[in-house]
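Undergrad: So the protein lines, in turn, are chains A and B.
Letter 354 of the first sequence, counting from 1, is numbered 354 in the working numbering, and no numbers are missing.
Letter 40 of the second sequence, counting from 1, is numbered 40 in the working numbering, and no numbers are missing.
If you're looking for bench data, these hints aren't it; they were derived computationally from the structure.
Keep in mind the model is a prediction, meaning the values are calculated, not measured.
Just to be clear, a hint being listed does not mean it is correct.
Said to hold, decoys possible - Label-pair ranges, simulated between beta-carbon atoms:
1) B/E60 x A/L280: 51 to 59 Å
2) A/R160 x B/D254: 32 to 40 Å
3) A/R447 x B/N79: 51 to 59 Å
Stated by the list, open to error - Under the rule of at most 27 Å between Cα atoms (straight-line distance), these lysine-lysine pairs were calculated in the DSSO-like manner:
4) B/K221 x A/K262
5) B/K262 x A/K228
6) B/K7 x A/K419
7) A/K7 x B/K185
8) B/K262 x A/K221
9) A/K419 x A/K228
10) B/K228 x A/K257
11) A/K76 x A/K262
12) B/K7 x A/K228
13) A/K227 x B/K9
14) A/K228 x B/K14
15) A/K136 x B/K228
16) B/K228 x A/K76
17) A/K221 x B/K14
18) B/K257 x A/K257
19) B/K136 x A/K228
20) A/K257 x B/K419
21) B/K14 x A/K227
22) B/K228 x A/K221
23) B/K221 x A/K9
24) B/K228 x A/K227
25) A/K7 x B/K228
26) B/K228 x A/K262
27) A/K227 x B/K257
28) B/K136 x A/K262
29) B/K9 x A/K419
30) A/K227 x B/K7
31) B/K228 x B/K262
32) A/K148 x A/K192
33) B/K7 x A/K221
34) A/K227 x A/K257
35) B/K221 x A/K14
36) B/K221 x A/K7
37) B/K257 x A/K419
38) A/K262 x B/K262
39) A/K76 x A/K14
All C-beta atoms, glycine included, are put in the ideal place defined by N, C-alpha and C.
Protein chains: 2
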Amino acid sequence: MASGLTKEKIHDLKWAAEARDADKVRALSADLHPEDLAEVVEALQDLEDASFLLSLLPEETFAETLTFLDDTQRDKLLNQLSNREIAEKVLENLASDDATDIIQDLPAERQREILQEIDDTAHAGDIAELLEYDEKTAGAIMAKELVKVPLTASLIQCVREIRRQAEDTDDIYAVYVVDQNDVLKGILPLKKLLLAPTNARLEDIIERDVISVQASESKEKAAELMKKYDLVVLPVVDSMGKLLGRITIDDVVDVIKEEAEKDYALASGLSENVSSADNLAVVARARLPWLLIGLLGGILGSRIIGQYEEQLQIHPEMAFFIPLIAAMGGNAGVQSSAIMVQGLANQTAFHYSLLRRLLREFLTALLTGAVCATALLSYGLIFTDNFSLAITVGVALLTVIIIASVMGTLIPLMLYRFKIDPALATGPFITTSNDILGLFVYFSVGRLMYGTF
Amino acid sequence: MASGLTKEKIHDLKWAAEARDADKVRALSADLHPEDLAEVVEALQDLEDASFLLSLLPEETFAETLTFLDDTQRDKLLNQLSNREIAEKVLENLASDDATDIIQDLPAERQREILQEIDDTAHAGDIAELLEYDEKTAGAIMAKELVKVPLTASLIQCVREIRRQAEDTDDIYAVYVVDQNDVLKGILPLKKLLLAPTNARLEDIIERDVISVQASESKEKAAELMKKYDLVVLPVVDSMGKLLGRITIDDVVDVIKEEAEKDYALASGLSENVSSADNLAVVARARLPWLLIGLLGGILGSRIIGQYEEQLQIHPEMAFFIPLIAAMGGNAGVQSSAIMVQGLANQTAFHYSLLRRLLREFLTALLTGAVCATALLSYGLIFTDNFSLAITVGVALLTVIIIASVMGTLIPLMLYRFKIDPALATGPFITTSNDILGLFVYFSVGRLMYGTF
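So here's chain A without its partners, still in its complex pose (with noise of 0.2 Å):
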């Protein structure tokens, strides 16, 4: 059972790395898989000791070790190969979706003159087409290896050509049939194939119900798809259904990930989504636009202040509660933002008409908001023997989490029938846009009341 890499493992091999102890690297790297191996080129701090632990892998493995680097660091390395090397030990050994991958972030005539120097004309043609589709759609993650036959082909044609692809191809689920324009008719799971009489007629055992995503679609389309409909490998037709290539469940899962961590950013206040080995002004730039807007935020909260200087100036104990109603109206706010984000996400939102959705948000908040309120009240009651800023904290407290909860629920909603991103609304736009209007409830209610009592 392979137990995969231990802390101690990763050391020695560090430690064999530095020391360049060749014999060391081999014997510690010989039965890690390159993902383990990626991660102990990306524990080494020095290029020059990455670039000796990779010399010494067998090419494949080399080669495959590059796809789980991270982009910085890979780029780094690939920089100290010729066009020959990578060429031939790094993309002859790799499936065009990896190979691209690889050389994607290349300049475009770096990666016309490492095509050349492929001596399989037909994969660099491959990776070739690949580099030309825009990264957000279905056909920048596809692969183009895969079974292929004709509708007219006999049981032991299928398997002669799964035998003829199957070097280039780890993983293959299913044969695809074709009709004489390349159009996908259907498939045929291995499964299938290998407990089918061996006369049987393709047509009258293939799947033609074919799940299929167009090469122009988002990858994220893609990936809905597949998760979805429980798919292991999804092909991918142009738009007259001719098939191009499939996309595989371990790309997806990327994917997945991808816009997991996308959204997550966007809630915390980064532009982008970067990562404490990004550089510092990679890392600075994502967060100022954020801080920025916040920083907007709250000078136009100190002039809604500074309009009611005169009542602070009376009762200047209404400051000590500015900042629990404005976090408060926040928090309510980007609670409410976050479930209908990912009610959008996955489609609950609209299992409840507009007016009932907000009905519920306004009831939820009505409930969580008497609950804070009569807290905070109790306390002020308590332990302050300030009637008026108790009764005013109480009650602007109250109105400011059905506001905000109601916003939360609207703005989302909003950004999406816009077709803007609607996790944007959990980000700190929301919060700084309930900051400003807790102030002005609270001042209000404080007028009111100060007025009334």
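Starting from the structure of chain A, add chain B where the hints point.
TA: Quick look at chain B alone, frame taken from chain A:
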């Protein structure tokens, strides 16, 4: 090419079900995937309508459609069926893992009664076994159906075993090879079986380096392994290496999605992953804990400001910028935490030493903080004539951003050390503590500045 479900088709089918038009329901539902049918059923408000539609489906489609429904609706529909119906129409038509999911939430006694109604006692035994696993474990998401042969089997026997299992198991990707104690010894991918000469010996062609997971490990561990090594199916073993079942990628896609949604929910201040379709009390319960923490933070904040009441009475204009300082500290802190949380999730956080990470965070905060403080200072100097206030707010802002960023980096790390989900740190928890911190810094800087200028 199956294009799936159109809005019109949902509408027509809904209408036909509501009108009790059996022929139309049958005609419209004939070529729909169970997942699509589940979508239609979820769109039906009335339980009777849903039951009517489901009763017209072929038995197998009916069972599979149930697996795609959300838990609440499914449990309601199950309550309308007798134990015998659940056993015969549902469980007998499903693989062991899906069957287990269906009755998971029923009372133990009803589970037992239902299982006793299943004619296939082996199947009932499998479900009973799976029900025993803690729902957090890999065992809970595995299926018992798999193709297993002894090491001594011939290839013909393998094909025969696949044929025997073929009816129960939709997705067969490989044959598992075990010794006389059922200990997993290797796997034989279908592709290899198809291509090997019929007289080949199993021992010579199986892959022995099998990645597996123990049933008692977490389901996240299983998901991680499959994601890491790009696996479509993962064998599950006990502590002795005995083969117990297998996990397929579609189950793991759900685990990955759940995990991402949990992080997102935490970051948005929801203590449970609630959906907009859940009932009000559940939603309110998920929201209240964080709101109450926010409330507590706000009260603490009010006490801190209270300490500076005198200062506020002399300089009431200081109150104007309270929300700005609080909000910016919160924003910067959450950003740092989010980067750290993602770094911890994908291990990139460990590429640098703690000291270097803090230094990087400090420098990023200095950079972004300086930009924000300069912007604010310029605003203050241009639009107000209060030099002291402008300087105070600018200096406080820079200080708060730096402290909040460093704290935002340290807190997730601390949580991680203590084996608490670091994603907690991106929720209202950190916003609240940064609010308080920010106020403290603001008024301290204010006292210093107004004393100096």
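Undergrad: With reference to the structure, classify each hint as holding or not holding.
TA: Taking the hints in turn, this is what the structure says about them:
1. Hint check: B/E60 to A/L280, Cβ distance near 58 Å, so the stated range 51 to 59 Å holds.
2. Distance hint check: the CB atoms of A/R160 and B/D254 are about 38 Å apart, consistent with the given range 32 to 40 Å.
3. Checking the proposed 51 to 59 Å range against A/R447 and B/N79 shows it holds: the Cβ atoms sit about 54 Å from each other.
4. The straight-line distance between the Cα atoms of B/K221 and A/K262 is roughly 23 Å, inside the 27 Å bound, and the hint therefore holds.
5. Of the supplied pair hints, the one linking B/K262 and A/K228 holds, its CA atoms being roughly 20 Å apart against a limit of 27 Å.
6. For the suggested pair B/K7 and A/K419, the alpha carbons sit about 18 Å apart, so the restraint of at most 27 Å is met.
7. Between A/K7 and B/K185 the CA atoms are separated by roughly 26 Å; this keeps the pair inside 27 Å, and the hint holds.
8. Our distance criterion of 27 Å between C-alpha atoms is met by B/K262 and A/K221, whose separation comes to about 23 Å.
9. Between A/K419 and A/K228 the alpha-carbon distance is near 22 Å, which keeps this suggested pair within the 27 Å criterion.
10. At most 27 Å may separate the alpha-carbon atoms for a hinted pair to count; B/K228 and A/K257 meet this at roughly 12 Å.
11. A distance of roughly 25 Å separates the Cα atoms of A/K76 and A/K262; the hinted pair therefore holds under the 27 Å criterion.
12. The suggested pairing of B/K7 with A/K228 holds, with an alpha-carbon distance near 17 Å, which does not exceed 27 Å.
13. Straight-line distance between C-alpha atoms of A/K227 and B/K9 comes to about 21 Å, which keeps the hinted pair within the 27 Å bound.
14. A threshold of 27 Å between alpha carbons decides the hint, and for A/K228 with B/K14 the separation of about 20 Å falls inside it, so the pair holds.
15. A C-alpha spacing of about 23 Å is found between A/K136 and B/K228, which places the hinted pair at or below 27 Å, so the restraint holds.
16. Taking the CA atoms of B/K228 and A/K76, the gap is about 23 Å. The hint holds against a cut of 27 Å.
17. Restraint check for A/K221 and B/K14: satisfied, since their Cα atoms lie roughly 25 Å apart, inside the 27 Å limit.
18. Our distance criterion of 27 Å between C-alpha atoms is met by B/K257 and A/K257, whose separation comes to about 8 Å.
19. Restraint check for B/K136 and A/K228: satisfied, since their Cα atoms lie roughly 23 Å apart, inside the 27 Å limit.
20. Restraint check for A/K257 and B/K419: satisfied, since their Cα atoms lie roughly 23 Å apart, inside the 27 Å limit.
21. Between B/K14 and A/K227 the CA atoms are separated by roughly 24 Å; this keeps the pair inside 27 Å, and the hint holds.
22. At most 27 Å may separate the alpha-carbon atoms for a hinted pair to count; B/K228 and A/K221 meet this at roughly 23 Å.
23. At most 27 Å may separate the alpha-carbon atoms for a hinted pair to count; B/K221 and A/K9 meet this at roughly 20 Å.
24. For the hint linking B/K228 to A/K227, the alpha-carbon distance of about 18 Å falls within 27 Å, and the restraint holds.
25. Note on A/K7 and B/K228: the hinted pairing holds, with a Cα-Cα distance of about 17 Å set against a maximum of 27 Å.
26. Our distance criterion of 27 Å between C-alpha atoms is met by B/K228 and A/K262, whose separation comes to about 20 Å.
27. The hinted pair formed by A/K227 and B/K257 meets the criterion: a straight-line CA distance of about 10 Å does not exceed 27 Å.
28. For the proposed pair B/K136 and A/K262, the alpha carbon gap of about 26 Å is at most 27 Å, so the pair holds.
29. This hinted pair checks out: B/K9 and A/K419 have alpha carbons roughly 24 Å apart, not beyond 27 Å.
30. As the CA atoms of A/K227 and B/K7 are separated by approximately 20 Å, the hinted pair is consistent with the 27 Å bound.
31. This hinted pair checks out: B/K228 and B/K262 have alpha carbons roughly 21 Å apart, not beyond 27 Å.
32. As the CA atoms of A/K148 and A/K192 are separated by approximately 16 Å, the hinted pair is consistent with the 27 Å bound.
33. Restraint check for B/K7 and A/K221: the C-alpha separation of about 17 Å stays at or below 27 Å, so the hint holds.
34. A C-alpha spacing of about 12 Å is found between A/K227 and A/K257, which places the hinted pair at or below 27 Å, so the restraint holds.
35. This hinted pair checks out: B/K221 and A/K14 have alpha carbons roughly 25 Å apart, not beyond 27 Å.
36. Between the alpha carbons of B/K221 and A/K7 the distance comes to roughly 17 Å, so the proposed pair stays at or under 27 Å and holds.
37. Of the supplied pair hints, the one linking B/K257 and A/K419 holds, its CA atoms being roughly 23 Å apart against a limit of 27 Å.
38. Among the hinted pairs, A/K262 with B/K262 is consistent with the structure: their alpha-carbon atoms are about 14 Å apart, no more than 27 Å.
39. Taking the CA atoms of A/K76 and A/K14, the gap is near 19 Å; set against the 27 Å cutoff, the hint holds.
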